Structure formats: C-alpha cells, structure tokens
Amino acid sequence: MVNWEYSESIESQDIVSIKDKYQNFVNGKFQQPNSKKYIDTISPSSEEFLSKIVISNEKDVDKAVESAQMGFEKWTNTTPYERSKYLFKLARLIQERSREFAVLESLDGGKPIKESRDFDLPQVAANFFYFAGWADKIDLSWGAKSLKPYGVVGQIIPWNFPLLMLAWKVAPALATGNTVVLKPAETTSLTALLFAELCEQAGIPDGVVNIITGDGTTGSLIVNHKDINKIAFTGSTQVGKLIQKSLAGRDVGLTLELGGKAANIVYEDAAIDQAVEGVVNGIFFNQGHVCCAGSRLLLQESIHDEFITKLEKRMQTLRVGNPLDKNTDIGAVNSKEQLNKIEELVNEGVSDGGKIFQTECELPGNGFWFKPTLFTDVQPSYSIAREEIFGPVLTTLTFRTPQEAIEIANNTEYGLSAGVWTEKGSKILWTADKLEAGVVWANTFNKFDPASPFGGYKESGFGREGGRHGLLSYLKAES
Amino acid sequence: MNNKTGVLSFNWDKTLELLKDSRIDSVGLNDRVDSLATRSIKKESKLEALNMLVSMCDLTTLEGEDTEGKISQMVAKAIVPNPNDLEIKNVAAVCVYPSLVSIAKEKIGNSSVKVAAVSSYFPSGQVPMESKLLDTKYAIDSGADEIDIVINRKAFLEGDYRKVYDEILALKEVCGDVHLKTILEVGDLRTYENIRKASLISLAAGSDFIKTSTGKLSVGSSRQACYVMAKAVLDFKNLSGLSAGIKVAGGIRDAKDAIRYLVLIKEEMGNEWLTPDLFRFGASSLLDDVLKQIKKLKTGAYQASYYFPRG
Amino acid sequence: MIEIKKTYKNYVGGKYVRSESGKTFTLSLKNDSFEVPLTSKKDIRDAVTASKKGFQNWSHISPYTKTQILYRLSEMIEGNKDSYIELLILGGSTRNQAKKDIETAIKNIVWYAGFADKWEQVAGNLNPVNGEYFNISHQNPIGVVFSLNADNNSLASLLNSILQPLTVGCSVISFSEESSIVALKFAEDINNSDFPDGSLNILSGQFENVYEDISKHVEINLVSINKEVPTEILTKIQENASNSVKRIIYMPSMDGISSVLPFLETKTVWHPKGT
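These protein sequence lines are chains Z, H and S, in that order.
When we follow my numbering, the leftmost residue of the first sequence carries the number 1, and every step to the right adds one.
When we follow my numbering, the leftmost residue of the second sequence carries the number 1, and every step to the right adds one.
When we follow my numbering, the leftmost residue of the third sequence carries the number 1, and every step to the right adds one.
These are calculated hints, taken from the structure and not from any lab test.
For clarity, every value in this text was computed on a predicted model and none was experimentally measured.
Any given hint could be a false lead.
Mimicking SDA-like on lysine to any residue, the simulated pairs with C-alpha atoms at most 20 Å apart in a straight line are [as the list claims (entries may be wrong)]: (1) H:Lys-154 x H:Glu-106; (2) H:Lys-89 x Z:Trp-4; (3) S:Lys-216 x Z:Trp-4; (4) Z:Lys-434 x S:Ile-61; (5) Z:Lys-36 x Z:Lys-63.
Derived, one-sided and incomplete: chain H residues facing chain Z with beta-carbon distance under 7 Å [to be verified]: (6) Leu-19; (7) Ser-22; (8) Leu-29; (9) Glu-267; (10) Met-269; (11) Asp-277.
A virtual CB, placed ideally from N, CA and C, is assigned to each residue, including glycine.
Bound conformation, chain Z alone (with noise of 0.2 Å):
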C-alpha cells in the first residue's frame, strides 16, 4: 500500500512586519501611551517573542476616550455618504492587503492560515462592505427617524476571531455614526494594531477609530469611563455579567455576546455524512474556540453507533499543526491559560466517567495544543456537558424523540446557538421554533454572514451583531 502522505507547505512569513513595541492609536496616529507596562505578546504555536504590547492605564483611557468625543464632533459633521464612501475604503484595503493581515493572524493568534485566508479576511472585508451601504441608509433601516447614535462606544473583544470580531464591532459603529474605544485582547492584539495603519491609511478622521491595547484592568477602564456611552462586549459570560453589573445605575447602552454550549442535533432521518461534516465542522472549526461551537451533539439513539464510528474515522483525518501549514485543520490553542482550562474540563470529563476518544495525531513540542477529542457515554449532569469548554472537544449527549431533543438542548443557561440535522422539512421548522438560540443552522453549521444577525438569547446575552438588526445595537431611540 501507498502512504501518501502531504509534504509541508508552509504560508511565507515575509509578507508581514511586525514592529518590536506597539503603540496605542488615538486620534488618528500611534502615540506612545503614558503606561509603562509592557507585556510580551507570542505566538501560541511555538511560543516565540513576536512583539510587546502596552496594557493602556487610566490616563490613556482617558485620552482615547477624549480623542472619541472629538471625533464624534467630526464624524457627526461628515455626511452620511462621505462616512459609507470611508467604509467602502477600508473594506477595499483589507481586501488588498488581506494576505498580510491572515498571516499574521495565524502567527498570533494560533489559527490554520486555511481559516484565517478563507473564513477570517474574507468575512472581515465583507463586513465593512455590508455596513458601509448601511451608513447613509440609516432612515430605511427601522423606519424610525428618532434612532441615533450612542456618541462614544467602548469596545472589548475576544481572542478567538481578533481581526473579525473587530470588523463586527467597528463597521456597524461606524456606519451608525458612533465613534469608537476598542481594545483588542492582550494575546492577539497585532491585527488589531495593523488595523488602526489601515485607518491611517484610508484618512479616517482623527479619533473616530482608537485601538488601545491592554488586559482585563484596560478593560474595566473603559467600561467604567464616565464619558462612555455605550459598551460592547465580547467574552465570556463571567466577565459579561462584571460588565452589566458595572453599568447598573448609569445611563449606557450595552450590548454582550457572551458563551454558549450549543447543541447540535441529528435526527435519524438526517443526511448522515453531511450531518458527520457539519459536526465536525461544529467543533472543531478554529480549535473550538468559538462562543457558538457546536459543543453538544444530540444523537438520537436509533443512529448512535453508526454515526460515532463515522465521527472518529472523520476525526482521524483531522491535521493538527504549525497553523501556517496551508494544510492544518486545527492550529494552536490560542493561550497556555486556555489549555489548562480545556485540560482541567476534560480530565474531569474522564472522572465523571466519559469514554474519552482522541485522535492519534502527533503534537508538536513547542506551542499550546490540544488533540480533537470526543466524549460518548455522558450524562447530561456532567460538567463537560454543561460548562463553555472552548476548546475541541466534543460531548455527545443521546436523545430518543423530537420532545427530549428540545428538552435536552434547552436544558442551559446558554440560548447563542443550536443545529438541527434531518432531511423531513416540517420537523426543521418545528425544532427551529423551539430551540432557545439566537442563531439556529439547519443542515449546515458555523456558517456567518454580515447580513444575518448574530447573537443569543439567555445567559448568552443580549443585541444582535450583523443584519439590519445589529444596527440597533448601535441606535438608540431619541424622544
């Protein structure tokens, strides 16, 4: 027999520059910050020194969120159509140079340059476009003339998608006609950074876009700032609910995305193999560390063992490795903090008594990394059943009738997403109905579109992102 098997095909590195200490970008240029505390940022995969980064303090917040205001004055003043003409811009240049930005996503953040070119850049640009035809068509979107916007919006983002989550947050802000604070997080703040060159770049007015990099105390800086007119928050539940506690009592819009444990359900009647990718996909899509990943799969028990064996065959197949190898699945965990949760979840997994599978791939030495990982035989009171893992890995859960599916999938605090697999319509529709989740994908997984609003219900937060709804998290109504 043949063992064929694929060479390595390394991404170049050369198309990015990174600088050896960032600055923060206020009022339309770095600046140096006024925080001397620096932090090394790395490279999860092999955990080399890629740059320092600046953990912003008070005086700092203060700047930027000053600059924010100034440039709400200027962006309030540019038209509508001049302010679509600047997002159109910016999606241009991310277009342009979108093989720079994916590589050094990988590098940073840990994620196969396979999703970083194909999913990341691609969706980030379309952001700016979707929302950039939004900006002077604000009047259409509700109807109502008495929506504007916050002012001053101080965004914090995840680590799982640095540069999209950013296009999420940004270019509805924008297009609204808010100006921003936006804090990246502290292991992947380089595209972010690269970013702010690219408002620069497109002439964005000075302080409309301020990109201050820093860690959890950053964070609450912005959030607690008196000037601060709206938050917007990525992250996890925990933090989500610091950050509505911290608003109690002040007049400021918040908006969270926060965790989920979604579940993925498969009927017997389902397109198996497609039913197989999509789980697949569900999970194991950038590590896992997606808020929406599809982390419990419901079987139904007519179809359990057909469908695992299908599932860990699938699996093996799965390529783990340098995240700049064109042909990695699955990249690095993004944090050495990460991996110790993922560990310290699945270990318990195994003590409650689930039957561990895990692929027989080879880990590199350097770098945080996590096998693709599946649990069968778990009860629904485990905690690999019930808490955010982050990571991939897998727990399956089985159900034997349509009514026990939504019972079970329901059965959290979570409402962010869910999936349904079956090939008869009408049992789609009715499970759709009466899933909890703010996004529901049927016969498909993972998939996201600037125009389709994203967002839970629940534990999972509240406002959408994308669509003409996620406008609205950037209006307010004016009496």
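We have chain Z; now place chains H and S onto it with these hints.
Positioned in the frame of chain Z, the structure of chains H and S alone reads:
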C-alpha cells in the same frame, strides 16, 4: 477481482433496503468537496501523486475514427509514457471499443498494461439486452481484461431500478472473472441522490468498479460525484465486506484537478484506496499534463507539449 | 346608608387572590380610599409560576387569534367606560380628563390588536447572505415580563406598560403602586376576556418590598420600569439582574416598532438550498 458472480452480489430485497438511505444534502457535500480542494500538494508529495496518476491512468480512445495505427500509438505510450524518463512506469490500462480489443491486446504483448473494452452499446446502451450481452461477450472473447458497461439510464430515470440491477447482474455473469466497471453516467443522473442510488445498485449487482461517466457528455466526472460514489463504496463495504473501486472519467484534463481527486480519495477512503486496483482515471489528455508536471518538478522548468510523444 | 365597598384582590393565574401574607395597604385616592393587597415575595413567586404557564399558552396562540382577543378587550372597556371614568374621577381626574384617558387606552388597544399579526413582518426579514442558503431572522417573545406601572392613576398608562409585551406573546406581571385601583379593576375585564390564565397578572403593592426579588428571580426574563425610581434602587435592580443577564428596560420608548423590540429575541435560521 473482488466480486464473484452470483455468490457475493446482493439479492434484490437487500438492495432495495440499501437504497432507502440515500439522503444527501448537496450544499453540505459541495462545501466539503470544496474544502478538500484547498489542500496544498507540494514537493515530494506532488511527485508521488503524479507518479500515482500515471499508474492509475486508463489511456482512452473511443472514436469512430480509431484505427490500428491510433491504437498502436496509444499502446506504445501506455507502456512507456515518457521515453526520456524511464523512471515513469506504465499506465494501468488502455480503453477501447470491442472491435479494437484484439489489436490492442496484440500490441501490448507482455506488458502489464490491461486492455479495457467499453461494451453494452456504450455510450447510450439503448439496445435490447441480448445485444448488450453479445457486445460484452465479443469483447471478452477478444481478450479484454476489463469491461466497462453503461447502466440503463432509461430504466433508472423511469424508476425501474430492478431492471437496472438485473441487467448489470446478467452482464456480470457474462464477465465472470473479468473485471466489471459500471458507468453511471452521472451527467444524466443529475442529482447526488440519484448518483448514490445508481452506485449502490451497481455495487449490489456485482460491479467491481463504478465509473462516473462515458466521457461523451458535456457533463463528465466531478469531484462531487466522485465523493458520492466514494461514500457509497464505503457504506457498501461496511455491509458486504467488499472493497469496490472507482473510476473517474470525462473532463479531467490537468494534473492539478486529478490530484484533487487523489486528496478526496485519501481523506475520505484512506490510503488503501490509492492503488490502480481500486482507483482509476479514464482520460486521454490528462497523461500529457502529468508528464509535463513531473518533468517540471525534476528540472524546475515549465515544459512545452512537443517534448512528449503523442499517444 | 352603609356603602357596600368592593374588595379588590390581586389577579394571578386567572384567579382573584388575596396576598398570601394577608396584608393590605390603604390606597388613598383624592376622593376615596381602598384597602388593596400588599404583594409579598411569595406572591411574586406564585405570579411567576402562573406567568410561565401563561406564557406557554399565550405565546402559542395564533397571531390572528391574539388580534381578536385584544380587540375584544377594547370592546369590553368600551362597554365599561362609565365605571372606569367614575374610578378615575375618584383618583382626582376631571370627567373630561378621565374620558380622554379611557379613549386613549381604547385607541392603544385597537392599535396593538391590529399589530399582533403584523409585527413579525416589520421586525423580521430575509437576509441576503452569500452562498446557497435560505436565511431568515424572525422573533420569539422573550418570556415572562415584569412591568412596573406608572403612578398617574391612568388606564392609558397602565395599558401602555402592558400592551407591547402582550402583543408579541409575552406574559406579563403588571405591578402597580399608586395606580392599583385602576389596575385591579382592569383585571375584571381580563378575567372576562379570552386571555389564557396567567398570561396577564395584576398585582398591587409597594415596589420597594419586591424589587430585590423580582430582579433576582431568574425566571423573570425582563423587567420593564415605567416610572421613575430612585437611582439606588435602579442600580440594585440592574446589579441583581446581571447575575442571570436579565434584560432591564427603564422608561422605554412606547411607540412604533421600537416599542416591541425589547420584548423580542431575534432568531436567525439558516438552511441550505440544494437538490
């Protein structure tokens, strides 16, 4: 090779059972196939792939204008694909009409290149069963090692799956130990569910190989159709224990496209299917591009067609 | 002659109930006074239980039927117009003010009655996504809504704090302090209407006794505050709400499509288009 007439084929009731589970979501399938096409095959893995392609090629000429001269040229190329690079081994087979089998056989001599004949009134198959049997018997009597038949698309599209099955079964009986490849003509079947059903019927009736197309339609093979067939072959293996082969034909002109098929087969079926015994390409112009690519890899320079002899 | 005075009770799960604590408080109106239930924490829990059940039923009633049930409510209020006017006068309104208030209330009900089968067409839409997918955003009611009524002894205000969530299929626990009499009288019309038990519940009491509980109760999905409350109470409510990411709306906008949006969850469904 894999199936023995009558003994191992599924009876009709069991075949019907098989057909019940033919649910396919075309968008999801296309997604998967597209994502497989992004594999980047470089360096050693590319050279290895190109060599595999040569070994899996069925050099084909199926024209009214085929003559002894044409067959001689093709056979020569089949045995020694590139006289300037003898590291390149022979192709799997040559594929011809029944009337040319004996000529091809004679030219091949001791080489391990097989002779495949298209029969059962390829490409339309629109004749009475007696004629299909005669056509096939003639090819076998002339020395064909492999027989490529077409399924009865008229019967299939009219919903008479039983007739499709019975005909293949009868032709397999004529073939005996001779390798039977059954052409589904996916361009006529159109939907993935039809392709899956036709695959399962063909496999149940004893085909050793299922093949995408005749190459005579504008819609030839596609990686999507190949994917459907691969899944059918795997599911059939789960039930029967039999490993059937797949032949893709029609419209595969360059090495890049062909390598994408290899990726699909490797990732969906595993390396054990990457052998001419289980995977073939039916093509006339593919080989030239593969030879060109091999030389390019070895020399680092892009090549012109006139460096390679005609087939 | 001794006046026979009506006893007003809370209305929960389709029944008139006294507070389980047995407590009442005296509601002094300009021209009269009444003993009304002083809702306890336990009463709140009971009301939530009833509302959850009410939500299941009300949210599944067809939009067309919702329209008819709401419209029927306007007919009933129209029929009882005079008694409402007398009650509002007791609260200090002039006859003209009272008449106008009831007419505004009826007008609002009719507007929302006609909206019950249309808001989905205004709030939802097909999304033009890239690729072979059907993608639609539509809405589900958020669930159990606690609504704090204003203190202006007005039927129009009461309805303006109820109709928006009700129209889109939420169940409502309406809580009144100074406007309790109007609210408790309105309960009689609800009782005579076709609203499923528990879909609309009317309580009277002191908000300061219950705000801790309602803001912590996980099964209340949204708290709508339609009167000004002290900042420290609002802060406390929002802090408690953060434990379950509960939605709090304060002095919400009350007209047009934006009046119902806070009571809805947007659900986006994807499906491939293929053969």
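Status of each hint after checking the structure:
In summary, the hint linking H:Lys-154 to H:Glu-106 is not supported, as the alpha carbons are separated by about 36 Å, beyond the 20 Å threshold. Under the criterion of a C-alpha separation no larger than 20 Å, the hint pairing H:Lys-89 with Z:Trp-4 is consistent with the structure, at around 18 Å. With a C-alpha separation of about 60 Å, the suggested pairing of S:Lys-216 with Z:Trp-4 is violated against the 20 Å cut-off. A threshold of 20 Å between alpha carbons decides the hint, and for Z:Lys-434 with S:Ile-61 the separation of about 15 Å falls inside it, so the pair holds.
For a cut-off of 20 Å, the pair hint linking Z:Lys-36 to Z:Lys-63 stands: about 15 Å separates their Cα positions. The criterion of a C-beta within 7 Å of any C-beta in chain Z is not met by H:Leu-19, whose closest approach is roughly 15 Å, and the hint is violated. Annotation: interface hint on H:Ser-22 violated; nearest CB of chain Z at approximately 9 Å, more than 7 Å. The beta carbon of H:Leu-29 comes within 6 Å of a beta carbon in chain Z, closer than 7 Å, and the hint placing it at the interface holds.
For H:Glu-267, the interface hint holds, since its Cβ comes within 7 Å of a Cβ in chain Z; the closest pair sits about 5 Å apart. Because the closest C-beta pair between H:Met-269 and chain Z is about 10 Å apart, greater than 7 Å, the hint is violated. The restraint placing H:Asp-277 at the interface with chain Z is violated, with a minimum CB-CB distance near 10 Å, outside the 7 Å limit.
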